[in-house]
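Kindly generate the complete structure, drawing on both the sequences and the hints.
Chains as they are written, first to last, in UniProt numbering: chain W, 1 to 553; chain A, 1 to 259.
Treat the hints with care, since some could be wrong.
25 Å max Cα-Cα, derived BS3-like pairs, lysine-lysine [said to hold, decoys possible]:
{"id": "1", "chain 1": "A", "residue 1": "123", "chain 2": "W", "residue 2": "140"}
{"id": "2", "chain 1": "W", "residue 1": "225", "chain 2": "W", "residue 2": "65"}
{"id": "3", "chain 1": "W", "residue 1": "309", "chain 2": "A", "residue 2": "51"}
To be clear about the criterion: a stretch of chain W counts as covered by chain A if any three or more of its residues have a C-beta under 8 Å from a C-beta of chain A, and this derived list gives those stretches [as the list claims (entries may be wrong)]:
{"id": "4", "segment": "112-119"}
{"id": "5", "segment": "380-393"}
Calculated directly from the structure, the hints in this document are not laboratory data.
All values derive from a computational prediction rather than experimental measurement.
From the three backbone atoms N, C-alpha and C, an ideal C-beta is built for every residue, glycine too.
In case you want the letters, here they are:
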Amino acid sequence: MAPHDLVEIKDLNVSYEEAKQPVLHGLNLSLSKGETTLLLGPSGSGKSTLMYTLNGLYPEELDGKLTGERLYRERPYESFNPGELSRGIGVVFQEPESQFCMLTVEDEVAFGLENLDTPPDVIAEKVDRALGLVGLSDVKEATITSLSGGMKQKLALACVLAMEPELIILDEPTSLLDPHSRQAFVETVISLQQEKGLGLLIIEHNLDEWLAYVDRCLLMNRNGKLFYDGPLAQGFHEHYETIKKEGIWMPHLFRTAYQLMQQGVINDRKAFPLELEAISRHIPHGFFKGKIPLSSAMPHLSLENVSYKHIIHPVTSTIHKGEWVAIVGANGAGKTTLSLLLAGLMIPSGGTITLNGNCLEDYRSESLWQEVGYVFQSPEHQFVADTVFEEVAFGLRLQERPESEVEERTEVMLEHYGLTAHKDRHPYTLSQGQKRRLSIATMMVENQGLLVLDEPTFGQDEHSAQEIIALLQQRQQEGATLVMVTHDMELVDQHADRALVMENGSLAFDGSPEELWEKGEHWLTHHQLQPPFRVRLEQAAKKGADTIESARA
Amino acid sequence: MNLQELNPSVKAITLIVAVFLLAFVFDPITPLVFSLGIITITFLFGHVSFKRWALYFIPFFIIAFGFFWTTLVFSDSSNHSGKLIEAGFLTFPLEGFQVAVSLALRVLGFALLSLLFILTTNKTDFLLSLMQQLKLSPKIAYGVLAGYRFLPLMLTELKTIRMAHRIRGIHRGKGISGRVRELKRYVIPLLASAIRKAERTAVAMESKGFTGSRQRTFYRTMNISYKDWVFLGMVLALYGVSVYTSVSWGYFEWYNGQL
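Structure representation (structure tokens):
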């Protein structure tokens, strides 16, 4: 490991005013040039707090207390003028949309340089160079709103690169991107890192893409304590159980390797392997229990030439009762719009949708919402009451059920969704996972037969994601039809019975996930998709076998 | 000359001066000639699409016509000294007609000046120029720019919240009280997400070294050139011509508390 020459943090404690427990607790940490570090921890473990502390926004912006020593190149943070640290430390944030303040691409990149008092002719040069590095030179004069999600995230990176920092912090930079853009973004970041010898600190939920490039990982627990600092593959091996308990996302590769080690198929080593090839040839036949696709003959929802303005071009498909359908595709391909049409929240401009044999438009709105539920990406949008209890009871009260029944059913629901302890809290004060569970609960209390979900596991740590999936599985077993929009190919592979692939508003594929993966790498990449881990592993195994074959021959 | 290339601050000041000058006069001919001149300038030097211009102009035209009509119909007809005009079933004094036309043309004149500015000025340039020429604080200018990016986001958000509430079984409010209650329910989630978004943007700006201080350079420098003075001269000359025409046709009148 390189000598720690960039940032040094000693005995850091951060606490917020209203909280009893400190968010960060006795943290010691150093970061160096040319090193790629992953920072992992469950939601609420203080990762963002640490990021703000590292880039110097705290304690200025903090409502609370910060103690401990922070050094940048052996100089205390406090001795820097406001804004000066941004020369050394840059941040790329999670949301591509809300980190910009200008209207066009070049202005946005120039903004940071202007703040640093760079002479205009130097700015022009640096803007060109930064845009060239991330491959956005062609859209230099375009407006930011015209860019895709992946391009926006590259722009955010370009803005930071232009300022030529030595350390870049990436805060879940890929979570809103489709699988292929995600891969492309990771590759861009890594090749730049190698070219420039930057220090990288990556905060991520989705680590699969980063695995191959990471030198070091930091693991944090719920109490804001750092419990591991060292090589990634070794840390995950050493703390496997703790990591699972804390709810940190476990990369599929590690999970599989662990299972293989447990079964004695591969030798137990000190560290997990970092390449698929290392385990692919050891996978016993029938290791993955594939989901048997459920198909019933009963149509639940039928679309006939459904179109919407210029966003959705005629789509025809039938969703059967009890099916779990995944809508996938690139950012901006019309997935969410299609899901809103399915739920009757938007009226198609052409074609018809029938629900249970009746035209969707003919439902009176009250009776429609007893048949269909929709869980929005941001749960807060759906909250209408002041307490968790009232939130769940709301739908039942609207139907003027007797009070005793309302209370009984609400209690059962809260119990089931693990929210009983929080029933008197305001919905906005819940954690991310609790909010999502509450929003699903409100959409199931009336036993709606069709549930549509937009990115149900987005922004969740592994623990709460699994809870949500378990709830959905149960709902499906009870006979409900599920439609979800997602970027998560693993979710599609493990749980969906059918996948619909959207491309520029048209339906490009309609079939089982298995058939989708058979379309091949090229086709999937074209639709900004990726095969899931299981399939990649099988492909690696096949490739390995082929090489051995040819070697023998 | 191209109006898009003018310095936005000087352009704004020129047009504000014109608004004041126009406000001093109250006769039908001065604003008429002036308005025609402004339209000519807009299309000759502004490279403005007629369709877009018309789209913005129509509401102003309706308002101006409303002014004209109400002033005409409700004009004090007992206290006139001059001739009467008869148009179909309506009879009104010539004086009242003149006042109404003056008022309407004046409103149109203001509208045309605003349109000229709005349709030929880039928002970013305007704010840059306000900072560079008029020493507006960067804190405010970049705040406004970031806010401008927000508007469309908020609209999408409102649409989503509306749908999210609809699926909870809440009906669209009926009547005024229902509408108010409906709006109240949207306000909290909308504000919550707006505050969060604003916070994120602020954090992102700060982490790029923005401190709000005036100590900064500009990638794009807004300059004042001879063209800006030509434009100012042109507008003043147009005003002069308008007043001269009005005087020589015997209509000219200072604003003197009419209406």
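Hints and how they fare:
1. Proposed proximity of residue 123/A and residue 140/W is supported: the alpha carbons are some 18 Å apart, at most 25 Å.
2. Among the hinted pairs, residue 225/W with residue 65/W is consistent with the structure: their alpha-carbon atoms are about 17 Å apart, no more than 25 Å.
3. Proximity of residue 309/W to residue 51/A is assessed by CA-CA distance (about 23 Å); at most 25 Å being required, the pair is judged to hold.
4. Judged by the Cβ-Cβ criterion of 8 Å, the segment 112-119 of chain W is covered by chain A as claimed, because 8 of its residues qualify and three suffice.
5. Coverage of the segment 380-393 of chain W by chain A holds. Counting CB-CB distances below 8 Å, 5 residues qualify, and the rule asks for three or more.
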